[in-house]
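Peer 1: Given the structure of chain A, go ahead and fit chain B onto it with the hints provided.
Residues per chain are reported as follows:
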Amino acid sequence: MKAFRYFLLTLMTLPFVACDTNDDGFYNEVYVDIPNLVTVQSMPITSGQHLYVSATFSRFLVEPGHSSPLDIYETTGGAPGFSFTYILGKRQGPEWQPVRVSPNMLDVQDGSLEANPFFLIAHSEYRAETEMYRYNIGIQLETPGEYRLHFNADADPKRQAELRSESVGNNLKLNISSTVEQLDVNGFYSFTVN
Amino acid sequence: MKRIFLLLLLVSQLSVAQEQSAMLGRPNEFRIDALSLIAQGKWNLTYERFFNGDISAGVTGSYANSDKITEDYEAGFRNNQPKYEIVPFVRYNMSKSQTNFYFVEIFVAANGGSAREITRVETGANAHYEIAESDYFDVAIGGSRGYKIYFKEKYGVEFLVGFGPNLIDKDKSPDVISRVGLNFGYRF
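Quick mapping for you: the protein sequence lines, in order, are chains A and B. The opening residue of the first sequence carries number 1 in our numbering; numbering runs sequentially from there. The opening residue of the second sequence carries number 1 in our numbering; numbering runs sequentially from there.
These aren't lab readings, by the way, just hints derived from the structure by calculation. Treat the hints with care, as some may be off.
As the list claims (entries may be wrong) - Subject to a maximum C-alpha distance of 30 Å in a straight line, what follows is the list of computed DSS-like cross-link-like pairs (lysine-lysine):
| # | chain 1 | residue 1 | chain 2 | residue 2 |
| --- | --- | --- | --- | --- |
| 1 | B | 170 | A | 173 |
| 2 | A | 173 | A | 158 |
| 3 | A | 173 | B | 68 |
| 4 | B | 154 | B | 96 |
| 5 | A | 173 | B | 83 |
| 6 | B | 68 | B | 83 |
| 7 | B | 172 | B | 83 |
| 8 | B | 68 | B | 172 |
| 9 | B | 172 | B | 96 |
| 10 | B | 68 | B | 170 |
| 11 | B | 172 | A | 173 |
| 12 | B | 83 | B | 152 |
Next comes chain A alone, as it looks inside the complex:
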């Protein structure tokens, strides 16, 4: 009976030991920091005008700490795009509410945008002829008021957009943390529409 108890104890211990391993994880992910890939148009806006966000960059990027440019297209096995999310909010009394974005509010110069009720997914799309990823879309702001935009205000550091390659199959997924100059220390770009 004593031996059986030891045996059971061993059996119960095994799953915990098996979980204590770094063999499982996500090993197709690459993480780099490259600043200033995303910009927010920073100029006064009146109601009816558009707020533009752009993410247009070459496939060859200067990676801090390295002398040779990083070829992000080759790294990702020819990823057709990079995506990132952002949230546009409007002050409603004491609270901030997400702005509901519909297709007729968009001025699409480059790339594409998916509008969800609470956030926006931007796609910077690859153009082979220029070897650039391109995104530049404006959102029409129809009513006056206080607005703010943020990319990743819950993360630390806050002033960054997180771009992720849309890699196909088992190719490497490239995650780029990119500082956005226009954001304040809390990660927001705040502005007023008159």
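Peer 2: Then chain B, alone, in the frame of chain A:
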């Protein structure tokens, strides 16, 4: 009453002695692990030699060819793909019986396979990241516990649970080598 008790004790001792004698007349055993084969696509063949008393020793050879592990490895859900293990072991029988007993063992697992890591590669003026594959070899030392039962004193069924950490190339090899199996053997 006392005489009956002594008689029963004597019969019991004779029975155990007879059983032990029969088992020691078959000191060799081969077995295969059905659980590893079904659950992990791992072929496991074990030879064990039984010595007088409660000690035995043996070696297990295994080769893994699991589609699931290969898929996970290529998709990047794991950074290594174990392929083979050579596992010498020494066991101690914790019970009095030779046909139905618990045991403990110490094992050494020499194991190897493929590993992957992401490296930055300079190609002329530019650079890119890519997956570099290499082989690994490691050695784990561990312990196991198990239960074994024989039928007709030659057909054995054994359940085994154990583990041991790899010691040499931890960046590439699995952190822990587990030794879990349901073995079916023949003793001769």
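Peer 1: Each hint needs a verdict: does it hold in this structure or not?
Peer 2: Against the structure, the hints:
no., hint, in the structure
1, B/170 - A/173, "holds, 24 Å"
2, A/173 - A/158, "holds, 22 Å"
3, A/173 - B/68, "holds, 21 Å"
4, B/154 - B/96, "holds, 18 Å"
5, A/173 - B/83, "holds, 27 Å"
6, B/68 - B/83, "holds, 13 Å"
7, B/172 - B/83, "holds, 13 Å"
8, B/68 - B/172, "holds, 19 Å"
9, B/172 - B/96, "violated, 43 Å"
10, B/68 - B/170, "holds, 22 Å"
11, B/172 - A/173, "holds, 21 Å"
12, B/83 - B/152, "violated, 35 Å"
Comparing the model with each numbered hint stated earlier shows that hints 9, 12 do not hold.
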